[in-house]
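Those sequence lines, one after another, are chains A and B.
The numbers in the working numbering rise by one with no breaks, and the one at position 272 of the first sequence is 282.
The numbers in the working numbering rise by one with no breaks, and the one at position 88 of the second sequence is 206.
FYI, nobody ran anything at the bench for these hints, they're computed from the structure.
Some hints here could point you the wrong way.
Claimed, not checked - Capping the alpha-carbon separation at 25 angstroms, the derived lysine-lysine pairs in DSS-like fashion look like this: (1) B:Lys128 x B:Lys277; (2) A:Lys146 x A:Lys242; (3) B:Lys277 x A:Lys190; (4) B:Lys248 x A:Lys190; (5) B:Lys141 x B:Lys128; (6) A:Lys190 x A:Lys214.
Quantities reported herein were computed from a predicted structural model and do not represent experimental measurements.
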Amino acid sequence: MTAGDLFLQQAINGLSLGAMYSLLALGFTLVYGIMELINFAHFNVFMVGSMIAMLVLQAFGLSGQQTILTGLPLVGVLLVGFVVSMVGCGLIGVFIERFLLRPLRNVKGPAAMITTIGVSYILFNVVLLTLGTDSKNFPNPLPPIKWEIGGAVLRMREVLIWGIALVLMGGLTYFVTYTKLGKAMRATAQDPEAARMMGVEVDKVVMSAFFLGSALAGASGMIFGLYYNLAKVDIGFAAGLRAFTAAVLGGIGNVPGAMLGGVLIGLIESGSGQVIGAAWTDVVIFGILVLVLVFRPAGLLGRLAPNKS
Amino acid sequence: MASTPLLEFKNVNTYYGDLHVLKDVNYTIGEGEIVSLLGGNACGKSTTMKTIMGVVRAATGTVTYQGQEINGLATSERVRRGIAPVLEARRLFARMSVFENLEMGAYTQPRGAQFDDDIARVYELFPRVKERRNQQAGTLSGGEQQMVAIGRALMARPKLICMDEPSMGLSPLFVELVFDTIQTINRQGVSIFMVEQNANMALSIAHRGYVLQSGAVVLSGTAAELRSNEMIKQAYLGEMEAPVA
Chain A
11 MTAGDLFLQQ AINGLSLGAM YSLLALGFTL VYGIMELINF AHFNVFMVGS
61 MIAMLVLQAF GLSGQQTILT GLPLVGVLLV GFVVSMVGCG LIGVFIERFL
111 LRPLRNVKGP AAMITTIGVS YILFNVVLLT LGTDSKNFPN PLPPIKWEIG
161 GAVLRMREVL IWGIALVLMG GLTYFVTYTK LGKAMRATAQ DPEAARMMGV
211 EVDKVVMSAF FLGSALAGAS GMIFGLYYNL AKVDIGFAAG LRAFTAAVLG
261 GIGNVPGAML GGVLIGLIES GSGQVIGAAW TDVVIFGILV LVLVFRPAGL
311 LGRLAPNKS
Chain B
119 MASTPLLEFK NVNTYYGDLH VLKDVNYTIG EGEIVSLLGG NACGKSTTMK
169 TIMGVVRAAT GTVTYQGQEI NGLATSERVR RGIAPVLEAR RLFARMSVFE
219 NLEMGAYTQP RGAQFDDDIA RVYELFPRVK ERRNQQAGTL SGGEQQMVAI
269 GRALMARPKL ICMDEPSMGL SPLFVELVFD TIQTINRQGV SIFMVEQNAN
319 MALSIAHRGY VLQSGAVVLS GTAAELRSNE MIKQAYLGEM EAPVA
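Isolated chain A, as found in the complex:
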């Protein structure tokens, strides 16, 4: 492999990781934009998403890499996998908001944030006790189609991951730009009290943000499984922290920022793995987090909001 091929290969890998991080980062950003709350439960909603996706694929009789599907059955299985993991995670998000966070809505201080940490542990332990700690073989029904581009290899799973991420991000962008509820979400993020006085039901907006963010985490969890061929109870922490870094890098609260940040973090991860060594990935990524917070705390696309009194 030449240096150019290596670069291309790492770009392909980075974009796939980036697709996953972008979807996950959107959940942090949607909730933060509306409630100024960092939802740490999001880490493990993502993990639960990958478990749900795995169980769905297994329910279709798939196991490991032995079953290869093509055509309509493949599309159908993937579609059901994504829909079920997204709806499942979305409902978990709604449950967390409705029953665990809404009672704390008007409580000042870190109570809500600490609750999300607690919920994260509950999700982790529920999966640990029911499905165990072992690394599971995530079914991958994709045919082993690949294309050689120079010396780099592009596999079908990468194209699929990019395609799904683009569809979901396009859909979300359309939703917040053009729909009534999407506009209400933007208005609430900018000025919750004024939005309320326009007649926006803030509860509905907050719940929608949790549903959408968590559903995207579900999709991201399935992408993780398809990409790494594994599901494990402890995948939430590393992926979640990287996605959170992506959200901060892009400007937390900013939807295009989360997408951009996710792609950048993915590329940085694969690039630094190539150049410096995979063991240094976390050092590089969290080093970037620190640098962003020090030199550009609003992120690449964010803006510092004036302090609300």
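Knowing the structure of chain A, use the given hints to seat chain B on it.
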């Protein structure tokens, strides 16, 4: 008063935690009236607005709208029934376009022919708003923003508009325009309840007024009565040379 007033406060008390803000307050706003609420800073004027909108709840006493008690009614339902705010400092959604801000004003209204009519009416009232419709609201001048804020309230098809300091921060020219517009809107049948520091201007267009001090109504009457009241002259009218812009 023979007919039912549009909005009525009866012995309303409100609190922020332990802080007693409105103290046994009574207001009535009749159909088609412009009623002005005068008072210094931190006397409960903005709390009055928030209580009307349902953002702050009356702890005791009743708030009645169109003859029905609305104490427990959600803000969104109040807007749907025709109470719309023009908020202090305008509070536009700065990173949304002017058009989107107007859409937010119509949030409780059905989309369709009615929406198009209402938008056309706002554009007719404020040609400048039409010119700026695709611009981000945050990039407009203060006066233009106030026009959008009033337009946004009109999009809710209000029967009552509650205005919090509509002249604040505006140049004298725009203050004039805003007060003219308020009268135009009022002549089209919309009642106005207006909190205003600029007592001179407020009393020149209002039918009646209330004076609030430390959360209690200390004086009320027709605009003419208030203008000739010695206390008002000294406390509010005499000082109106204060810089406006």
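Results for each hint:
Between B:Lys128 and B:Lys277 the CA atoms are separated by roughly 20 angstroms; this keeps the pair inside 25 angstroms, and the hint holds. Proposed proximity of A:Lys146 and A:Lys242 is supported: the alpha carbons are some 6 angstroms apart, at most 25 angstroms. Our distance criterion of 25 angstroms between C-alpha atoms is met by B:Lys277 and A:Lys190, whose separation comes to about 24 angstroms. Restraint check for B:Lys248 and A:Lys190: satisfied, since their Cα atoms lie roughly 21 angstroms apart, inside the 25 angstroms limit.
The hinted pair formed by B:Lys141 and B:Lys128 meets the criterion: a straight-line CA distance of about 11 angstroms does not exceed 25 angstroms. For the suggested pair A:Lys190 and A:Lys214, the alpha carbons sit about 12 angstroms apart, so the restraint of at most 25 angstroms is met.
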